[in-house]
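Two chains, two frames, a set of hints: combine them into the complex.
Residues per chain, in single letters:
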Amino acid sequence: MTQVATPPAGTPEQEPPGPPPGHVRLTIDGVQVDAPKGELVIRAAERIGTAIPRFCDHPLLDPVGACRQCLVEVEMGGRKMPKPQAACTQTVADGMVVNTQLSSPVAEQAQRSNLEFLLLNHPLDCPICDKGGECPLQNQTLANGPSASRLRDPKRVFTKPIPVSTQILLDRERCVLCQRCTRFSAQIAGDRFIDLLERGSAQQIGINRTEPFQSYFSGNTIQICPVGALTSAAYRFRARPFDLVSTPTTCEHCASGCSLRTDSRAGGITRRLAADDPQVNEEWNCDKGRFAFTYLRQGDRLTQPLVRNADGMLRPASWTDAMAAAARGLLQARDAGGVGVLPGGRVSVTDAYAYAKFARVALRSNDIDFRVRDTPVLDNGAEEAGFLARRVVGRGPGRGGVTHQELEHAPAVLLVGFEPEDESPIVFLRLRKAVRSRGLAVFAVGALATRGLEKLDGTLLPATPGTEPAVLAGLTREGTADTGLGEAAAAARNRLGAALRSAGAVLLVGERAAAVPGLLTAVETLADATGARIGWVPRRAGDRGALEVGAFPTLLPGGRPVTDAAARAEVEAAWGVPVPETPGRDTGGILAAVRDGDLSGLVIGGVDPADLPDPGAALTAVTAASFVVSLEIRASAVTELADVVLPVAAAPEKPGAFMNWEGRMRPFAAVLPEVGRLDEGRVLDTLGVEMDVDLYTQTPAAAAGELGRLGGWPAERTAAAIDPAGPVRSGPPESHGLTPHDKVLTSWRPLLDGGRMTDGEPALAGTARPEVVRLSAASAQALGVVDGAPVTVRGPGGGLTLPVAVTEPMRTDAVWLPARVGGRPLSAWIGTSAGHAVRVMAGAGIGREAR
Amino acid sequence: MADTAVGATAVDGAGAPLTPVLTRRWAAPESWTLASYRELGGYRALPKALGVEPARVTELVKASGLRGRGGAGFPTGMKWSFLPPFDPAAPTPRYLVINADEGEPGTCKDIPMMMADPHSLIEGAIITSYAINAPFCAIYVRGEALHCLRRLAGAVREATAAGYLGRDILGSGYDLEIVVHAGAGAYICGEETALLDSLEGRRGQPRLKPPFPAVAGLYASPTVVNNVETICSVPPIVLHGADWYRSMGTEKSPGSKIYSLSGHVTRPGQYEAPMGTTLRQLLDSAGGMRDGIPLKFFTPGGSSTPIFTAEHLDVPLSFDDVAAAGSMLGTTALMCFNETVSVPWAVWKWLEFYKHESCGKCTPCREGTGWLVQILHRIVTGDGTAEDLDTLTSAAANIAGRSFCALGDAAATPVLSSFKWFRQEYEDLVTGVTPPLVGDRALGAGTVGTGTSTVGAHR
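Chain order of the listed sequences is A and B.
Numbering-wise, the first sequence is residues 1 to 851 according to the UniProt record's numbering.
Numbering-wise, the second sequence is residues 1 to 459 according to the UniProt record's numbering.
Isolated chain B, as found in the complex (with noise of 0.2 Å):
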């Protein structure tokens, strides 16, 4: 990723005002090792968050408004504080499991993070684990990730014999043990409880709910599951405070957020961001859109995302701001599409992942997954009908809150949100309309075809 914005600090023009709170050590040096973070100031947060009572910790993190940062922004300090009252007294085993199992498509954030600066992660992990009174965490990471886990696993030993980890922390009475587990590679992983029972060396499909994980988790004890972007924005916490927290952001989305831009962008890569920043801004940043065709359509939050449009450049994407605009904040994966994508296209191809990936639990998305890619592959390749056009839709929508878990839902999303906005592109197919030449839009060229057609161009 060579254009990877890291570290940047100006403001750019119009641009992004670039707030790197979790990104600033990753152009330093070797930011990796345990010397680089703590001369970049690590590790200054724990001692401090040692030095008060685990609850005070949660109300910190509650005061300062962060929200999950795995998709679904729900308040963090609110999450641990749904586990049952601990009893010193009878302890009953706690976890914190990080969920680093990162596979929404167009979301690249935590294993960036995770490569550059792990030991964030490490200390974000030791004062949540604290807060919650849990002596054992786990960091699932995707298998695939293999350079990610042996950096991980290399930070968790050099914080174990700096002190960090292990017996009486810091001096602090605290013990905590981390294990980096590798996953085995699904997205379904990804699913909270699914994750949970990969964890305990199950098939990875989502648990039925409740119990909650926050009653009954991991080894059903009560467990928070974190995603990495989350726990990395802990010590900041601790160490500036909740005001400075709300500082950035908007009210009910604060702080700092990392965008991962990717697609037809000039210099893709990690921005980030305060929440509420806008793909306007965050284009400006990057150099604006590739080779100057213009942006087509892009996703708030990846793939499960319903899509935007050229038209909602200056949505601010903070979780409220994407909410009411139609779509959802997910990941901040703003993959950025321009006008010599065909729209139909890049939906059978996400579609292709979701029957991939779809776990086989229950039927909608098992069948319907699969049953979408049969009718969007004939669509794009010329063989649809109007018919499927009818059949495709209402196939999605019986698929959209009937599945299991959110999956089926995200797979239905590409479908049912491209037809919003660009259902003509769909029925120009079905009709034998010829696409138009690639990028000839930006050429400001007719629509009769005259050459490769955008399928044949991206196939």
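Looking at chain A on its own, in the form it has when it is part of the complex (with noise of 0.2 Å):
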């Protein structure tokens, strides 16, 4: 854009250049400005920091006219238009003259008019209203409103509020109607559950009372309300916004990493908003990291450090004791069979860094694993090992890593393990942003359709759980004769054949494909015959960046593989100690080391043993373990099982960074650093002290410093040190001589499954998503059940009665259970977990049990 002020009055003129390709002339209150074509004369008029008042435009939204307040007089051709035209919805053009309320009485006058009519049944509440302090209305009213309402007669009252979810609550009297909430929940999210209901004066929003407001991203609908009109459940009535601390964080739940506001308030958090950050989440987050915030203040709380006494009993000690007691044991485990280190994936950049210095330098091991799943990590994670060096470390941003905005300007996405609405929703709204607006083709392969793939207009690939791979073997391969495959099927098939070779497809892969033998190799096998690029994306905050940093047992800080001496020589050189040079266990390996007698000793981080596949085996290499120390926020049940108990600060109490799915950092400063609780990488760096070496990560600063300092590691060579991928396990397909009514079993995690870090926010878990037990229709009938009828899915370790949900497509060979029931893990239901056969059965007969 170029800002021509007109020439003061005796400059000699000039011809002026035309305005760029693509571009128009116009004059905005009497400022010649070039705008690109199709821009809203609002936007324009913004860029020469104009704000024309608004209340329904919103740029992320598709533009509806409906409040009227933006209203500017427009010429066109040297002639007037005859009424004023809403600037969020006229296009610019070239030659057009606009006059906003600066410089046209008329607009002036409009929207002066137009804000007396909003406030005419407004109940002009301020004082009691939690946008008091930020309402667009309130600050219009303030700048530009009449100072008394000429209406003498009964304002429209309605009943208030009422709850439009568990979470939001909605004042119809405050509601200007301007359809944000509405239009964003069409547009943006997919989830029509709220729309306009009544005509006229009476017209409101509502829902339909059998279609509840479950949608995982309906506080934004809050945050973009220009009044006070939708409200939190969690905020109402908690703080005014001027008595607030705003800091800007980063989330600390996925691997998307959404740029956060998080306000504060007398050592407490209040609330939390989505920032603008166009790379990344735009101006949307997901209601879990909106309101997901209070587990920091649960009950269970570690507050000070504790150590096993000579009778076997934690007890509170000082740091010193704890310290020295800690850096005993270890020291002694170390030399008996050696330590694992688990750090688990919620840990900051900078902590996991330490883990992985304090795995090498204080427990002379790599050791280290950072994966936390309840799939199993296959044999040994060398297929996934392989992957993760070959294909996603060292890579990010500019640096061959695939990006949100790359995502919104693909050709076609292939899901692979991956459902983003539920894994990583900032992901799924920016693949929604471009089906919406460039036509992306979304494929998924997978057992069912979702109601995510339905909203991002997917196709599915049909695979029984176990047969992706040979899917994707299938998508290099021409024509139609298939077997077990549906012309549909097949037609789909070739069409994303075609469309993964355009040049800027992605195969986007999560952490779950893992878990299927020869998955991931099928798809670096397909990324390599198509040229699709990949993105991986973990589910935890902490994942990739502990892997970028070497908390990984076969890859060392900036993917440095274990097992290249040169690779090694960079970091002993830095570190000026010698570095173990064969590769460590995976997390499964040091858990049956551990149980085994192989290892002696544990250092866990924040890792819930029921995220584990199996968390009874888990608990019981725990509890052989000589010597445990837990680094934790909250009790857990590793507490009971550790020796030494150290407390640390949850990611609002710490600066620090989370790296995210794109390999993007994603600093975050601490909101609470008054509580004074300790970063991981500050514990380690004084236990380290207290074993006889340095960290150098007593605080975020120095170790990010240090990481600089280190440098990267060419991804091409950590690729070639790394073997091409093997044969991988392989053996018949779970689905191989299933009965009819042994089925195999698919599941993930739904966003809100009542997991720890969702505790004490009962308004959110209010909007998950029913526990359901999913089986197509060909499935159900055979069954005999109907939608909503009760099934029993059964596996050896006991039974689950849910309610089916009939779904199609699906595979009638699978069924899908949500990872966890009633907060649970599946394992402690059914003794199994995706991937293997289960019998699913009509009715309730054997009833909810847990093993």
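Since the hints were derived computationally from the structure, they do not count as laboratory data.
Every residue gets a Cβ at the ideal spot worked out from N, C-alpha and C, and that includes glycine.
Among the hints, a few may not be true.
To be verified - Only some residues are given here: those of chain A computed to face chain B with a beta carbon under 10 Å: (1) G65; (2) D153; (3) S201; (4) R495; (5) A499; (6) H836.
Stated by the list, open to error - Listed next, with one range per pair, are the computed distances between beta-carbon atoms: (7) A:D457 x B:G166: 33 to 39 Å; (8) B:A386 x A:G132: 48 to 54 Å; (9) A:E211 x B:D314: 28 to 34 Å.
Said to hold, decoys possible - Straight-line C-alpha distance at most 30 Å; calculated BS3-like pairs for lysine-lysine: (10) A:K83 x B:K420; (11) B:K209 x A:K37; (12) B:K349 x A:K155; (13) B:K349 x B:K420; (14) A:K80 x B:K209; (15) B:K349 x A:K83; (16) B:K252 x A:K83; (17) B:K420 x A:K80; (18) B:K209 x A:K83; (19) A:K455 x B:K209; (20) B:K420 x A:K433.
See below:
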């Protein structure tokens, strides 16, 4: 954009150059503006610093022109349009003359009178309204509104508030019916659960009582509401915005790494809002990121170190005593058989680095793995470890990594072992945006089409769990001759095969893909055959960064292969100590080694055994360890088994950074530095000193400095040092030889599933999706059950009864369950997890029994 | 409608030169049947139209000067030609939608038309669809008009059975399906884009324009939306030619028009007369004002058009003449009010309608109509103040020209136009001057009230 003021009188006239290609030249309030064709007048005016008042307009929503607040005078070809025009719907044109409220009495009067209409029935209850102090309507009124109302008659009143969900409350008399909330829900989220009801002055926002506002993105409607009509049950009447301290933060929940604004007051977080970050989350976030912060203040927060005394009882201890005890125990365990480190996937980048360095320097081992999943990590993780080393580590924006913005411009995206709406909601929103605006073609390989896939207008490549590698292999074969594929599926496969060859196509791979033998290998083969790029989306906020800084058995910081002498040498030079050259064990291997006595001790970060494939076995291993140090924010199943428990800071209590799935650094500031909790880098640094080694991670800044000096390692060298994917574990897929009532289980964790990081927020939990068993129509018919009828899924460890949700399209030999039911992992109910055969029966004969 | 003037052919003294073109079959026995329609010259324009290129039909309608009868008076042939060029190789669907959601207060021409002569609408629909290459036509009828829906649906069945609809119509190779769709009863759904949303099964609220329906209308496809009377005018034009059509009416508003007379008229009803006929002529045909009480004010084209007074009895009722006199021809719904009627009372009643029918999408209309009603109600019931008059007029002016669609403009119109001619009545009400008795002025009585007020008489 150029901005040319009218030349002062007397200046010699110069022939101004025309607008750049694709632009038009117009005049706004006497200022000449070059604007891209199709731009709205309201946007063009913003760029010269003129804010035309608006309520319904939102740059990320389709224009609607409903509130009429942005009326301006428009002149075309020297002729004034007879009526003032809405700047939010009027597109720019060459030679257009726009006069806003700044230069047109007509526009100014139109805006004033519109404000009068909006305020007519508004309750003017700003002193008790959550929005008071940050309300566009209030601001407009104070700036341009009438000082007194001309209304002499009763105002329109409604019962208030009404809950549109457990989380969102609606005060209808405050509503200006701008439709931002309904447009957001329909356009951005695709969850059209709220809509306009009635008409005229009785028009209001409402829900269908049979379809609750169960959207993972509903909180955004509160944030974009330009008045106090939508408020959150969690924040309502809690604070005044001008009493809050705002801190820019990064969401600690999933791997998208949304920018947030966290507001705090008196040592506690009062609310969180989505911050504006066009590269990542635009102006949105999910409800988990917005509302799930109350875990910080749960009663089981660990506040001081605990040390197991001679009687075997955990007792509060000073940091000095606790550190000494931990150092002593770890040194003994290290020398006895070695110590494994499980930092978990919620660590910040610098904390993960501290774990990675602690393992190598203090414990002299590569037995460290950040991966915590309820699907087994295979065969010592060789397939996945190779995949991560070859395709993921070292990559990022501008370094060969796929980004959110590239997803938006991709011609086709194939989802592999990944349900974006549940597992990385901002990826879902970006994909949906691309589908709506650019016609992105989304495909998913899996057993069923989810609502999320429907909202992406996506195509399912049906695959029984376990057979996905074959489906991917089929994509590079032409023709329709194939077994088991219907004509439509074959057509979709051929369409996708072609689409993946076009520039910019992406394979978006979830961490669950690692649970299927050969699937990651098939992904790599497909990428190499088609030229499609790979994006790997883990579940937790710290996963990607932990991989990058070496909290991984086969990789050192920067993706340096443990087995590469040159790579080791670089790290040794930086650290000044030798680095063990034997690759370490993965999570499963570490726990097995402890159980078998091959390892003596464990250092466990934020790992909940319930998140592991076999929680019982994990607890057995922890019990078997001779010495266990736990670094946790809240008491967990590990706490009771630990010898030393060290309380650490949660993300909002410390500064740091996450690396999101793109490989992008997402720094965050401490929201509550005053609580004085220590981050893991600091705790491990001190523990290191007790063990006579120096980590130099006493502050995140120090750790980040060292990481920076260490620098990266060329991704190609990482890839070259790793063996190409070898033959993978194979055997008959689980679907082999099934009886009709035996089905292969497919499962993942819904976004809201009663996880511990959502504790203390019942309003949020109330919007979780109902727990159901998903079966194909044919399966349901064979069982003689209709939608909503109870169905029991039985595994080796017991049975679980839930209502059936008949789902199409879906593989008939598959059954879907949420990976958490009633807040407990599936393994606790049925003794097995995704990818394995289970029996499905009609009725509730066995009941919900836990093992 | 016992007094409806149907099928009249005579020019009755100084009355309107009635020209039954659209209404010529209305009085025939069982006029709505296919047999009756054919007997009276129906389905003769169709083969003629199908025998020429579609573009020639559009040219003919352009030449006839036919202007839309839904209120705006947009040239019909030009509207048709706004559709993107038809490409037989890659046919995108194109649609004809007939607006039969007649809802403008005072307007009652389309429903009688469809009741008395549904086949003329169907014949017009087939010719129009053929002209624009549409394989599908929807007739959107007010849901309340169940009788009308039944009759139209029956006529579509009859026409289909007779080969006028469906595949290969009259051996021409042209296919057309007509669907009669019941609206859900909202005035806003007479607005063409709201109608399209409603037809698609959505909430009926006006769409953002552009894109206009000719580019992206029904199901985002090129669409022509025409009023019932417009479409019914097409077969006679095809049959008799553009010159014949132009022989009626004025140069810029040719043809004949159904004028709907209602209110204090001796014989209210539908009067078909050439464009440009005056209300005085029409009233003469309708037996004058009822009981001889003189006309006080009238709407030239429904409540959304600025009111006229007895001074305007000789304004030719054509699009341009009415506009020149400061109003709009609208739907030629001539609601005639005699001197017994309190203007503020009538305006209040109209505003109740607009408040009830405001769709709620935009602020000025949603909030403003309700406010106008509140103020008017107080004024009419004697609780108004002088300040209210300013508030009323400024609020109405703040709705006019600021709303999303024309409904807001329409709602402001009765207030603004009544203040133009009858401000004194409002001032009398807020200053406590007792209004004259019902009919006082007509009877030559004084202005001092001696009994029931006008307001009381009508409440």
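Evaluation of the provided hints:
1. G65: holds, 6 Å
2. D153: holds, 4 Å
3. S201: holds, 4 Å
4. R495: violated, 21 Å
5. A499: With Cβ-Cβ at 23 Å, over 10 Å, it is violated.
6. H836: violated, 44 Å
7. A:D457 x B:G166: 33 to 39 Å: holds, 34 Å
8. B:A386 x A:G132: 48 to 54 Å: About 36 Å separates the Cβ atoms of A386 of chain B and G132 of chain A, which means 48 to 54 Å is violated.
9. A:E211 x B:D314: 28 to 34 Å: violated, 60 Å
10. A:K83 x B:K420: holds, 21 Å
11. B:K209 x A:K37: holds, 17 Å
12. B:K349 x A:K155: holds, 21 Å
13. B:K349 x B:K420: holds, 18 Å
14. A:K80 x B:K209: Holds, at roughly 19 Å.
15. B:K349 x A:K83: holds, 27 Å
16. B:K252 x A:K83: holds, 26 Å
17. B:K420 x A:K80: Roughly 25 Å separates the two Cα atoms, so the pair holds.
18. B:K209 x A:K83: OK: K209 of chain B and K83 of chain A at ~15 Å, within 30 Å.
19. A:K455 x B:K209: Answer holds: K455 of chain A to K209 of chain B is near 27 Å, not above 30 Å.
20. B:K420 x A:K433: violated, 52 Å
Checked against the numbered hints above, the structure breaks hints 4, 5, 6, 8, 9 and 20 and satisfies the rest.
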